[in-house]
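Here the protein sequences come in this chain order: A and B.
With the working numbering, letter number 351 in the first sequence gets 350, and the count goes up by one each step, no holes.
With the working numbering, letter number 177 in the second sequence gets 179, and the count goes up by one each step, no holes.
Warning: the hint list may mix true and false statements.
Just the calculated beta-carbon pair ranges, DEER-fashion [stated by the list, open to error]: (1) S98/B with G321/A: 57 to 63 angstroms; (2) E139/B with E359/A: 56 to 62 angstroms; (3) A28/B with G321/A: 53 to 59 angstroms; (4) D36/B with E359/A: 25 to 31 angstroms; (5) E161/A with D36/B: 33 to 39 angstroms; (6) E23/A with L52/B: 25 to 31 angstroms; (7) E23/A with Y45/B: 51 to 57 angstroms; (8) D36/B with E2/A: 40 to 46 angstroms; (9) R361/A with W44/B: 40 to 46 angstroms; (10) S55/B with R269/A: 42 to 48 angstroms; (11) C81/B with E23/A: 51 to 57 angstroms.
Straight-line distance between alpha carbons at most 25 angstroms, and here's what the computed SDA-like set of lysine to any residue pairs gives [unchecked claim]: (12) K30/A with M76/A; (13) K38/B with P209/A; (14) K154/B with G321/A; (15) K249/A with Y11/B; (16) K398/A with G321/A; (17) K352/A with D230/A; (18) K20/B with V120/A; (19) K72/B with C92/B.
No lab work stands behind these hints, which were simulated from the structure alone.
Don't be surprised by glycine CBs; every beta carbon is placed ideally from N, CA and C.
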Amino acid sequence: MREVAVVGVGHAKFGRRTDTTLGELAWEAVKEALEDARLDQRDIQYFVVGNAGGWSAESLPAVVVGEYCGLSPKGTMRVEAACATGSAALYNAYLAVASGMADIAMAIGVEKMYESPTPTVVEFIGRAGNYFWEFENFGLTFPGYYALYMTAYMNRFGATEEDFCKVAVKNHHYGSINPKAQFYGTKITIDQCLKSRYVAWPIKLYDASPITDGAAAAILVSEDLARKITDTPVWIRSVGVATGTANLSKRPDFIGLDAAYQAAEQAFKRIGIEHKDTWKYFDVADVHDCFTIAEVMAYEDLGFVERGMGIQLIRNGQTYKGGLIPVNLDGGLKAKGHPIGATGTSMAVEMTKQLRQSVEPRDRQADIYTGWALSHNVGGTGHYAYITIYSLDKDGSPKVKPRR
Amino acid sequence: MVMSLEARYEEFWRQSIKQLNEVVKATGLPIAPDEKGQYSLWYDVREMRLRFSISVERIKRFFEGLREGKVYTTRCKRCGRYYFPPQADCPYCKASDMDWVEVSGEGELLTYTIINTKPLTYSHYPDYVVAIARMREGFNVLAWLRVDDSRKVRVGMKVKLQVVKREPEGYLTYEFIPAEQ
Ligand SMILES: [Zn+2]
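Just need the whole structure built from these sequences, with the hints factored in.
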């Protein structure tokens, strides 16, 4: 296996992008990534497209994107891992480069959810569990699946709806200063969140990420090319991948996502750190906050803190910039938006920019001490999980950051 | 009875098709502004309806059970594992020798939610409680919990699984009721 670096990233504006087709939206991200790496389409030997689809018109999105972006006739495939589709695309491109099958590969995540009416989208997402046993007869919705976790978590650890609203307020705070975010310019208050209507009790509208169109892209290259292309390669040091059960009823408890825990375990093992107090190794993280409860469970599944203590991190503001471990300084899925297939690649873009210290405005640039970052991307309700670890170091394990 | 849902569903699409036809008639193209009146959209003139047909051949006994008013699970004859939802094969033993066992029906609530914003195909039901309970046998079941007041639902409460007719469609399924009122 060869080491693999990210040398170019691009990110489309997230939101209701009814001004673009699938190809045009992907191009916004692809063009920016090519410019960032100062590469041309002919340099890309292989590209992979993450697109969950169903709600959008194109049935063969990878080829449509390849044609529009001038990447044809290079080989491609479309990958799907529900809401972790973008990370699956990144992983696929990573494998292509690590294995030696390609020296330069591109991962593109793109999703157009506004091509269908909202009721159709709600129906599609509700079916993203186990269709026959959980949707056909019991009509679960996506917030409903996570609400089952939120109820159990609140009951076990005494967390309140107000605690979870603090996640929404934090992520809107950062989303409001991220020009690429769906809710750019929109801050919210605890009160607004608490007063928003229930969509699946105890989950309220403001606990939930929106329906989003978006695209993001990353160019991955082999170790011998990385330094020729850029002075600041960001190395993909580890990827952990795991699955949970399709049937929620087959899970033993509802206070954490086992798939995310397992994926983290793998990812940490490969870089030689213990799955415990992991906040101290990373300067910044992007976690999968499709709902506020998901962010809190992520803190624990990732081992930032122990089970049940995640809620203390948000209560004490420790996941803001300057805290123990800054999380979702791009606004997260909650405020940046959650274009299913693009979310994971968007996380890769953000982690790369954070480590390069090139985030604008500086208010959402994390302080970089160890040069390590992490993204946590969950598909479905813990059906899939991808943990990707990024570093400025090509070798070795992360050091411990100074306690502030 | 099934008509009530179909009528709603048809109405939703009839409205948008009607609007589309008017736009085409007036402008010669199916192009109109998006919901926010901001950008031009081509509104698809081709419709695709999705309704799947899913095999239940190997777990027919489960559905026969519902007709008898019983909820069945399968249990592997070799390793004793329960499977709910029932399945025809035990991947761990690589075997397909399964016993059909009636579920005790006694469970304890692990968690629940109330679906307030419903999928279109569920829009004809009042808000419903979806719960997961651990059954006496050790496996979990996910189903609706039938209660008159959802504020009385508590994690840890005892529930009973029963076969019911889902109205207005009139087909057999299963749901929980509180064990003690
Ligand atoms: Zn067995």
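Worksheet entry | Enumerated hints in conflict with the structure, sorted upward | Structure breaks hints 7, 14, 15.
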